[in-house]
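S.K.: Knowing the structure of chain Z, use the given hints to seat chain G on it.
Listed here are the chains, written in short residue letters.
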Amino acid sequence: MTPAGSLLEAHDLRKTYGPTPALDGASFSVHPGEVVAVMGPSGSGKSTLLHCLAGIITPDSGTVTYGGRELSAMSDAERSALRRSDFGFVFQFGQLVPELTCVENVALPLRLNGVKRKQAERTALEWMERLEVEDLAAQRPGEVSGGQGQRVAVARALAPSPKVVFADEPTGALDSLNGERVMELLTESARTAGTAVVLVTHEARVAAYADRDVVVRDGRSRDPEYAV
Amino acid sequence: MTWLRDLGLGIRFAAAGGREGWARTALTAVGVGLGVAMLLVASSVPHLLEQRSLRDQAREEAAVSRTEGGVPKSETTVLRAGAATVYRGREVEGFLMRAEGSRPALPPGVTAFPAPGEMAASPALRDLLASPEGGLLKERLPYGITATIADEGLRSPGELYFYAGSDSLTPATGGHRLAAYGDDTPGTPLTPVLVVLVILICVVLLAPVAIFIATAVRFGGDRRDRRLAALRLIGTDIRTTRRIAAGEALFGSLLGLLAGLVFFLVGRRFVGHIEVWNHSAFPSDLTPAAWPAALIAVAVPLSAVLVTLVAMRSVTAEPLGVVRGSGIRRRRLWWRVLVPALGLAVLGLTGRVDEFTPVDPYPIAVGAVLVLFGLALLLPWLVEACVNLLRGGPPSWQLAVRRLQLDSGAASRAVSGIAVAVAGAVALQMLFAAMGDEFKQITGQDPARAQFHTYSETVGGDAATRTIEAFRSTEGVERVIGTVETYVTRPGKVEEGEITPTTSLSIGDCATLKELAEIGSCEEGDAFVVHPRNNKRMSDWMDETARKGKEIELNPTIDSNPGARSVRWTLPADARTVTAAPDPLGEEHWGIMATVGAVDPRTLPAARTVAQIKVDEDVKDVAEHVRNTAARIDPAMRVAALTSVTRDRQYESVQTGLRFGAVATLMLIAASMLISQMEQLRERRRLLSVLVAFGTRRVTLGWSVLWQTAVPVVISLLIATAGGLGLGAVMTWMLAKTVTRWWLFLPLAGAGGALVVAVTLLSLPLLWRLMRPDGLRTE
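Chains as they are written, first to last, in my numbering: chain Z, 1 to 228; chain G, 1001 to 1779.
Simulated from the structure, these hints should not be mistaken for laboratory data. One thing to keep in mind: the hints can contain errors.
[Said to hold, decoys possible] Covered by chain G, according to a simulated footprint, are these stretches of chain Z (three or more residues, beta-carbon under 8 Å):
#1 74-86
#2 108-119
[Said to hold, decoys possible] Here are the simulated distance ranges between beta carbons:
#3 Z:Gly-18 x G:Leu-1295: 47 to 53 Å
#4 G:Arg-1239 x Z:Ser-85: 51 to 57 Å
#5 Z:Gly-194 x G:Val-1699: 43 to 49 Å
#6 Z:Lys-118 x G:Ala-1722: 33 to 39 Å
#7 Z:Gly-18 x G:Ala-1294: 49 to 55 Å
#8 G:Ala-1758 x Z:Lys-118: 35 to 41 Å
[As the list claims (entries may be wrong)] If we take Cβ atoms under 7 Å as the criterion, some of the chain Z residues that face chain G in the derived model are:
#9 Ile-56
#10 Thr-58
#11 Phe-89
#12 Glu-99
#13 Leu-100
The model shown is predicted, which means the values in this text are computed figures rather than measured ones. For glycine and all other residues, C-beta sits at the position ideal for the given N, C-alpha and C.
Just chain Z, same shape as in the assembly (with noise of 0.2 Å):
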């Protein structure tokens, strides 16, 4: 049985790199606007579920659908599109283009998806000043700190206006006072904008911001919304 309405959701996900297995049957589902933690220690195949979940890679078997469309059904072209106009992610290193000013990094994904360069710098601004980063505009990602970078890639995730952001350990790099504001201020914008996140993490203490979990260990995932 699959969940009803979900947005985005994964079938018996198997996935292998060489001889070792990374996923074994995972499957997975998101609500709009619903906030789910994806647990697990370290090796047990989060991150890949995460890529095959936007599209990043193709699983070997099984299917990823959102909207009603099979991800795998898609071309490259088609999913990286979709990957433009309706998801968003944040890295546990931030990963901003470290040779573009903050607010050109936040403005990035919507010039990419065509909008003129002012416009693009417009709506950035008013997301950097929603994660209290506005003053940061000017500045390159080298010249600020690990939290501040942090919380300029959730806004470069949010700005397009994404219908599902993934973060894969969005906390992982930060001390705790700072993790806990970046994820705050993440879940607060996405829910007010009405946007999922995959929230990817080993720590229960970022896990208890999400509205469910999803644990995944050796590559098998445990969703209460699927029954098994």
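M.R.: Chain G alone, transformed into the frame defined by chain Z:
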């Protein structure tokens, strides 16, 4: 001691750096090796030229043969006449030889004197004649090859050279007597103008190689620098880490020296088989001079250490990572401008170089080096200043520009070689163009009227008429302006101390005479008195011989040879006086001109045949047909191509050579840019993966790479063009020439553009490969 310990540690790290460490070292070694091999080739050039010159002089006639009155005939003397020709654009040198005794002197490389109808040929000529390609040349050189000239008798392995035996050669038919070989007179030194050119060529071709080596020792430097952070973590201070980094670069450069030596030695083995613009060299000629070789051996490792230490000044290896400071520290302009300005000042103070005064090469070399290296120094400042002005544009442009704004040092380093190579090549092209134009003005030849000029002193009388007919019936010949010429005198005695009035007599058909003088109407049997234009004195002098209705002596030897037979002819009383017109050679003929009906050339006791030949250039091998006809009539007949074709072609080939040399240097730089680009892409593997995760199109990143390559290259081409035109103008002024072609930078700028596209295209596969999600994996 600390230094040695740290450098040694760096060497140990490089040698024990695992697969990645060895790959990085190999990259540096191959890069440095290519540069070192080029430097070794360059340092071999003096030896190569010296050996060629020695072999060339060894086969010249000995000075004793050139004494006043010549050498007496003996058992060892030889009669020799030059029989050089050109075959499909390649020079074929050789001599007709006739032994005067039983022990003829042998030229170097020949073990037996060629018998009549036989020849000793160089290996290249032997192979050419044996091949279908040499069929037409075989007609011209119909001798049986009985011996091969050994290396010591040849300038280069690809030289086309022969000694052919003759049984008809006499001093009267052009044979020159010689008693021995080996010209020990000192060679003519290079003219000051050529010295300047050679200096500039050396600087232009070698400076980018030096820059390439300096860049190559930094290959893989980014990853090496990151490892230094790990050393800092365990307590190493900044100075020590820099010395360790220098040690790693030193190891790569030492391996590069070895690699360069191997490349050079392996390449040298094949050099005899390689021919560039009809030039080749024996492997033994490629021997590097001792002091430049020693300089290379010392300078390359030393520069590796210095370059790394200087580069590390802008890198701070902290225990938790590497911080690059080049984006923060602004570059200063004043000392960068000072260097090329100083170079121009040195050149200006050296002043003008004339054709005859010996020139001191050092100030010119120093001036040119300062200007060219000054451009390389100006480039990083200019790139930084220009990219800081760039704004807006699509994401691909923004990504590229912002990247350059953050750190343009690596990009500037990679393209600084372009600035030097292109600037130098532009300056040289301007010099060559200025010299070539002047040469054309001197010749004044008109290739539209005739492309070949032949003359023979030994074909007279009856044979002369047949010669012209033979050329007329040659395949591809459209028209022959052919005359039989002799000197004629006024008969009778002259006063003591006076000169016998003399003028020239040219006999040809009406069509020919119309080409040589403003004759108007002409019929067979007509004769003309042709006056030079604007030279009344000469007209009066020739009128003393060309007296209408009076007799003229047709035997020019009548006064000097008491036994000579007098041949008289009366200049018709109705002969018209006309004005001379320039012939296709640009020369004026004056004197008496007569049609064959007026003077039968067969009656002339001594004459020479002159023919200017117009051919249909669409006929294949038409030049070879003309030369074959000439050789059939007289193997020693001179055939010259009109218009400066020969010398122009030399200029063309030097210019083309320079262009190819510059393109070869650009390719070396392209390799360096490509490696630098690939390194940067690898460095950004994770970031690229993130951009892919966003859904960034491949084409966006592809354009970004293109802009990132193109912007510094365009700026370097701009500065190179400006600098090259400036240097070229100064050098042209020094040689007292006029700059005629400012646009010569365009082909080089085009080559620079092609380089950008090539580097981008070649780096795209790696970019596509790195645009995979693998970079996002952290576990």
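S.K.: Please test the hint of 51 to 57 Å on the beta carbon pair from Arg-1239 (chain G) and Ser-85 (chain Z).
M.R.: holds, 52 Å
S.K.: Falls inside 43 to 49 Å, the C-beta gap from Gly-194 (chain Z) to Val-1699 (chain G)?
M.R.: Cβ of Gly-194 (chain Z) to Cβ of Val-1699 (chain G): about 32 Å, so the range 43 to 49 Å is violated.
S.K.: If you count the residues of the region 74-86 of chain Z with a beta-carbon closer than 8 Å to a beta-carbon of chain G, do you get 3 or more?
M.R.: Per the Cβ count (8), the hint holds.
S.K.: With chain G as the partner, please determine if Glu-99 (chain Z) meets the hint condition of a C-beta pair closer than 7 Å.
M.R.: At about 4 Å, which falls below the 7 Å cut-off, the nearest Cβ of chain G leaves the hint on Glu-99 (chain Z) intact, so it holds.
S.K.: With 7 Å as the cut and Cβ atoms as the points, is Thr-58 (chain Z) at the interface with chain G?
M.R.: Thr-58 (chain Z) check fails; min Cβ-Cβ to chain G is 10 Å, beyond 7 Å.
S.K.: Using C-beta distances, would you say chain G covers the region 108-119 of chain Z, given that this needs three or more residues below 8 Å?
M.R.: Our answer is that it holds, as 5 residues pass the Cβ test (under 8 Å) against chain G, meeting three.
S.K.: Just to be sure I understand the hint, the distance between the Cβ atoms of Lys-118 (chain Z) and Ala-1722 (chain G) should be within 33 to 39 Å; is that true here?
M.R.: Roughly 36 Å apart at Cβ, these two residues keep to the hinted range, so it holds.
S.K.: Tell me if the interface restraint on Ile-56 (chain Z) is satisfied: Cβ within less than 7 Å of some Cβ in chain G.
M.R.: Holds - the Cβ of Ile-56 (chain Z) comes within 7 Å of chain G, reaching about 4 Å at its closest.
S.K.: Measuring from the C-beta of Phe-89 (chain Z) to each C-beta in chain G, is the shortest one below 7 Å?
M.R.: holds, 5 Å
S.K.: Quick check on Leu-100 (chain Z) please, does its C-beta sit within 7 Å of some C-beta on chain G?
M.R.: Holds, about 5 Å.
S.K.: Honestly, do Ala-1758 (chain G) and Lys-118 (chain Z) meet the 35 to 41 Å range at C-beta?
M.R.: holds, 36 Å
S.K.: Are Gly-18 (chain Z) and Leu-1295 (chain G) spaced within 47 to 53 Å by their CB atoms?
M.R.: holds, 52 Å
Of the numbered hints listed earlier, those contradicted by the structure are 5 and 10.
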